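Chemist: With the hints as extra help, turn the sequences into a complete structure.
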Amino acid sequence: MSSLPLRSTIEDITSLLTRTWRKRPGFRVSLIIMIVLFTVAALGPYIAPYPRQGLGVEIDVTNALLPPSPKHILGTDSLGRDVLSRVLFALGRGLYQSLVVVAVSLVLGIVVGSFTALAPRSIEAVVSYVIELLLALPSILLAALLAILLGGTATSITVALIVTWFPWYARVSYLQARGLRELDFVRIPLYYGLSRAYVVVKHIGPNILAPMIVEALSDMGSVVLEISSITFLFGIGIGSFEEPDLGMMVANGLRDLVRAPWVFTAPAAILALIAIVFTVFGEAVYEEHHPILRRRWWLWF
Amino acid sequence: MVRSEELGIGYEHDEGVAWVVEDLDLEVEHGVVTCLIGESGCGKSTIGNAISGLLPPYARTYGRLVVADRVVIDGDKMNFTGVRGKVVVRIAQDPASALNPYLTIGEQLSTAIRTHFPGLSEHDVRSKALELLSDVMLGEDVYDRYPHQLSGGMKRRAAIALALAPEPEVIVADEPTSALDAYLKYAVASLLKKLQREWELTLVFITHDVSIARYICDQVVVVYAGRIVEEGASPRCLESPSHPYLELLLKALPKRFSKDRLADIPGMPPRPGMYPTGCKFHPRCPYVFERCRQEEPPIIKAGDRLVRCWRYYEQSLT
Ligand SMILES: Nc1ncnc2c1ncn2[C@@H]1O[C@H](COP(=O)(O)OP(=O)(O)OP(=O)(O)O)[C@@H](O)[C@H]1O
Ligand code: SF4
Ligand SMILES: [Mg+2]
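One line per chain: the protein sequences are A and B, in this order.
Using this note's numbering, read the first sequence as starting at 3 and increasing by one per residue.
Using this note's numbering, read the second sequence as starting at 34 and increasing by one per residue.
Hints listed in this document are in silico derivations from the structure and should not be mistaken for laboratory results.
Just so you know, these numbers come straight off a predicted model, no measurement behind them.
Careful, some of the hints might be misleading.
Unchecked claim - Residues from chain A shown here face chain B by an in silico Cβ test under 7 Å; the list is partial: (1) Ser10; (2) Asp14; (3) Pro208.
Glycine residues also receive a C-beta, built at the ideal position from the N, C-alpha and C atoms.
Modeler: Here it is in structure tokens:
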């Protein structure tokens with residue numbers, strides 16, 4: 003029984019995706035590249051030629067900064083590690099991390115937003131004020147600060163990003179739930195004495211899930227970029243220098259840019275590809291879902 | 034069954050309270066169909082929401098409202114526990130409001146039944162839900178359908194079934210026939226009438242459609258600018274209006290076999306907070322005289338009905 007609302011949400015999303023697929027060539031290209039990226043990311047640890055170097059546990063300074071060759075297709079970095087293996091490991095971690103950030107933020111945002119809309123007025127005011135406050139803070143700095151405070155591991159970056167990311171979803175859910183709470187199918191069960199949790203799960207959640215998933219889909223690219231920006235700028239993302247991370251690899255590659263441009267180019271190109279592909283994908287889905295907001299990217303210029 | 038004494042209802046806004054309904058004295062007997070008639074914005078839904086306990090938290094009240102022998106509004110205090118959604122239910126003006134688009138009709142009916150009749154077996158819940166569906170003349174196949182798979186008329190029926198699930202005594206139907214075609218209007222109205230008779234319900238039927246009101250009501254209450262301007266215990270006053278507003282309202286109806294241009298009521302209904310002094314209808318009234326502009330007329334008994342108009346004042350004294 004309870005699987006029914008979820009089923010229609012899935013139907014909504016798949017029909018949106020197939021519609022977008024039919025109408026938008028950019029979406030088709032980006033979706034195919036995304037599938038390839040995810041496949042490569044999943045297989046990365048198994049197809050990497052030098053998995054121990056990819057992970058960073060093995061270094062070989064005698065082979066430092068070798069140019070691309072059949073042995074090291076993308077060359078080696080300043081510690082003599084195979085760049086291809088590094089990129090393959092980093093890709094998987096980056097995508098996985100951003101998936102976790104988006105998924106957890108989404109669930110947390112929906113829960114916080116829906117309950118806030120049903121909470122007593124005073125609690126509603128306080129929570130929405132806190133959410134506004136979190137939104138007003140510059141998220142990269144806040145995430146960097148939190149990441150440092152939490153110890154500078156990959157997990158701490160994930161947690162920090164969730165803290166800065168979920169308020170967006172909380173706010174959007176809250177606004178949607180506020181519209182829904184005026185409707186009888188939300189109000190009447192509350193008057194009957196059914197619990198708020200029941201009303202959120204049965205009546206509010208299903209009604210806002212589909213649009214929220216669309217938001218999340220179009221946000222994936224920004225999360226990947228934000229993670230990389232933090233690790234690039236602050237280099238604190240990872241406990242030890244050894245762990246593979248695209249942002250850190252770009253930052254470190256920059257030092258040897260003149261002598262060994264391949265160390266910088268490979269991760270930078272992958273990051274750019276992710277950013278472009280995810281953005282095209284996200285914009286296509288978003289525009290198809292809100293036709294009125296066509297050409298939102300014009301606002302960027 | 035429903036009795037209000039000098040009931041006032043308003044909505045808070047930044048600069049104070051806009052009183053939408055004022056000094057409402059309404060009496061609805063058990064088992065009677067009462068129609069609230071009036072133009073858009075005159076406060077019909079506000080009255081309906083007050084009776085069914087669905088006013089928003091920023092609504093303000095004065096006076097008293099008694100529903101099923103329970104004082105639910107007393108001054109600025111509201112207490113609808115045990116009454117709202119159980120003794121009195123409302124069928125919302127907006128049919129999209131009643132049904133959750135992501136649950137089947139059957140699931141929504143079963144939840145309501147389970148909540149009001151805890152301890153029923155799943156089998157009994159289901160058969161009760163199917164019974165409700167057949168009461169509103171929907172087939173059993175509707176049980177497994179989602180709201181978007183139903184036509185507008187079927188959605189109304191499903192919403193009525195859902196409202197009936199707690200076995201209420203009073204139903205407030207807020208424009209249950211709006212946005213339906215002429216045939217469906219009468220179908221839904223006669224369904225409500227049939228249910229009202231069979232279940233011995235008290236029905237408050239809100240509409241701006243005089244022809245539907247004639248068809249269904251026992252008692253007529255005409256509302257203008259949040260006040261009762263005419264009240265009669267039979268639909269007869271819809272044939273021979275007393276209050277100038279009702280007279281104009283009836284003239285604005287299309288008549289069969291008539292080639293005359295439709296009359297309309299000049300001017301606009303006043304907005305809450307900007308009601309004129311004196312008789313609230315005087316800027317639009319063709320019979321207006323001096324006293325109307327100064328003083329608000331009281332409710333006056335005139336023959337078989339109550340009228341709020343100075344024109345009936347003299348004759349009521351004799
Ligand atoms: N929730 C609300 N908050 C503030 N003002 C409201 C609210 N609901 C209604 N009003 C105001 O009260 C007045 C009466 O509204 P109401 O909905 O009772 O009218 P109505 O007679 O039902 O009209 P209609 O036929 O269009 O449904 C309107 O002027 C409206 O602006
Ligand atoms: S009191 Fe005067 S203005 Fe009001 S309806 Fe009667 S005649 Fe018209
Ligand atoms: Mg209304």
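Chemist: None of the hints should be skipped; say for each whether it holds.
Modeler: Results of checking the hints against the structure:
no. : hint   : verdict
1   : Ser10  : 6 Å, holds
2   : Asp14  : 9 Å, violated
3   : Pro208 : 4 Å, holds
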